[in-house]
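Residue numbers for the first sequence follow this note's numbering, so the first one is 1 and each next one is one higher.
Mixed in with the good hints, there may be bad ones.
Only pairs whose alpha carbons sit at most 20 Å apart, straight line, appear in this in silico SDA-like list of lysine to any residue [what the hints assert, rightly or not]:
hint : residue 1 : residue 2
1    : K408      : H420
2    : K219      : E188
3    : K4        : R115
4    : K239      : V251
5    : K378      : E417
6    : K63       : D207
7    : K162      : A276
8    : K178      : C168
9    : K394      : R363
No lab work stands behind these hints: they were computed from the structure.
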Amino acid sequence: MKYKAIKGTRDILPEEMFKRRYIENIARELFERWGYLPILTPVFEQTELFVRSIGETTDIVQKEMYTFLDRKGRSLTLRPEGTAPVVRAYLENNLKDFRNPTKLYYFMPMFRYERPQKGRLREFHQIGLEVLGARGPDIDAEVISILATYFEMLRISTYEVKVNTIGCRKCRASYTKKLRRYLKDSFEKLCVDCQFRYEANPMRAFDCKNRTCHSILNKAPQITDYVCDECQRHFEGVKHFLNISGTRFTVDKRLVRGFDYYEKTTFEVVSPLLGAQSAIGAGGRYDPLIADCGGEETPGIGFAIGVERLLLQLEEENVSLNSIPPVDVYVCYLGEDLLDKALEIVFNLRERGLSVDIDYAHRSLKGQFKVADRLKAKYVVVVAPEEEKMESVKVRDMNSGEEQIVKKEELAKTLMEIIHGG
RNA sequence: GUGACCGUAGCUCAGUUGGUAAGAGCGAUGGACUGUGGAUCCAUAGGUCGGGGGUUCAAAUCCCCUCGGUCACCCCA
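Please construct the entire structure, taking both the sequences and the accompanying hints into account.
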């Protein structure tokens, strides 16, 4: 084979497409019931949008973006995440005048140049949701609880919702000083990554899995103990409203997000079943982002779910999803000269709304039945000379094996009745 | 970007110390059953042994490079 799907990408074949459509449909149904509307943004954007929103020093911007020049030398980037594009679209289209707050959801592919592993691809898909223009902790709780509700609707049970606050820019600045002061004494013991983080963003050290770092950070001052009064009140509010909504969650003081635009509330849904890439969904509040993108001061919050990880989780939990649906009727014909008659029936039944198929590979009758079986056909209609003489066909119930002769003029009605009516 | 393991038919795999082993099962197609599927039996098709180079009389097998996969680090959905 000459060509292959490029590293970290894959084809999504029919069987998986139906599973994806199922989880997508559940998301649509749920999100729209809660007042969220769909949006789709272009796969690429000006590189600058991502650099400024996600943050110059983040891994995504520094080494994971698919960035290229177009034919006029403009730098473009395949979107690595959904929030910045949605914010851009919100501002560009003045969506605040359409609905305020603006509640949106999306289902889009994302691109990151990473080394593929379980639950991590270079092209992957996210189901995401954003609320622009709502400031209070009540909306934070709504966003987190819709995420949890979604998992419940999918019958996922082995997961945990973690919630934290990372403070706003003001309180984070003073906290960062305190954290640096604490880390200074053990600086030599930190791993090289954390030594780098010490300067760039010391809070990220809480994510470090290095044992030494982990134990050092265990005794470090916690952001939750140092946030300003407003952030503290906000966080208490989030927990309060989460309790009202009946959402189960745990507070994880080590939960830090990787994008610069987050502040205050952060949250994550993790599963113990997925290996190293355990976050199925995650998000947070990003109040500074909209102003950073050139809009007026507007609060925002949202999350994204990794579709491939969600599918892995469903697999791990043995949740059975409908895949390729069976056909209602498979039409067989005995002899080439009855093809015309068979096709008339096929078109007629399709017009009535039944899913109908026929053999185009000129198989023997037995071969046609085998195909019917493989397609899980509920009924087979046989067009054959003997019945044709009586303007009739034979109808076989593929489950029971029972057969009956049916007048052609009554065929559609009869089939509609036994398939839908019964 | 780093490391470990792994690439043989559409799928799952077997292939001995390098020496007629290019093989099995499943699947596909056809037949036994000339008008009937899900069972059985038979037959057929399908492979540059991931790719390239090297060692050798001889390479799926040994060596090097490369591409890809898997998992972990890292990062994150």
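Here is how each hint holds up against the structure:
| no. | hint | in the structure |
| --- | --- | --- |
| 1 | K408 to H420 | 19 Å, holds |
| 2 | K219 to E188 | 16 Å, holds |
| 3 | K4 to R115 | 17 Å, holds |
| 4 | K239 to V251 | 9 Å, holds |
| 5 | K378 to E417 | 13 Å, holds |
| 6 | K63 to D207 | 19 Å, holds |
| 7 | K162 to A276 | 17 Å, holds |
| 8 | K178 to C168 | 15 Å, holds |
| 9 | K394 to R363 | 19 Å, holds |
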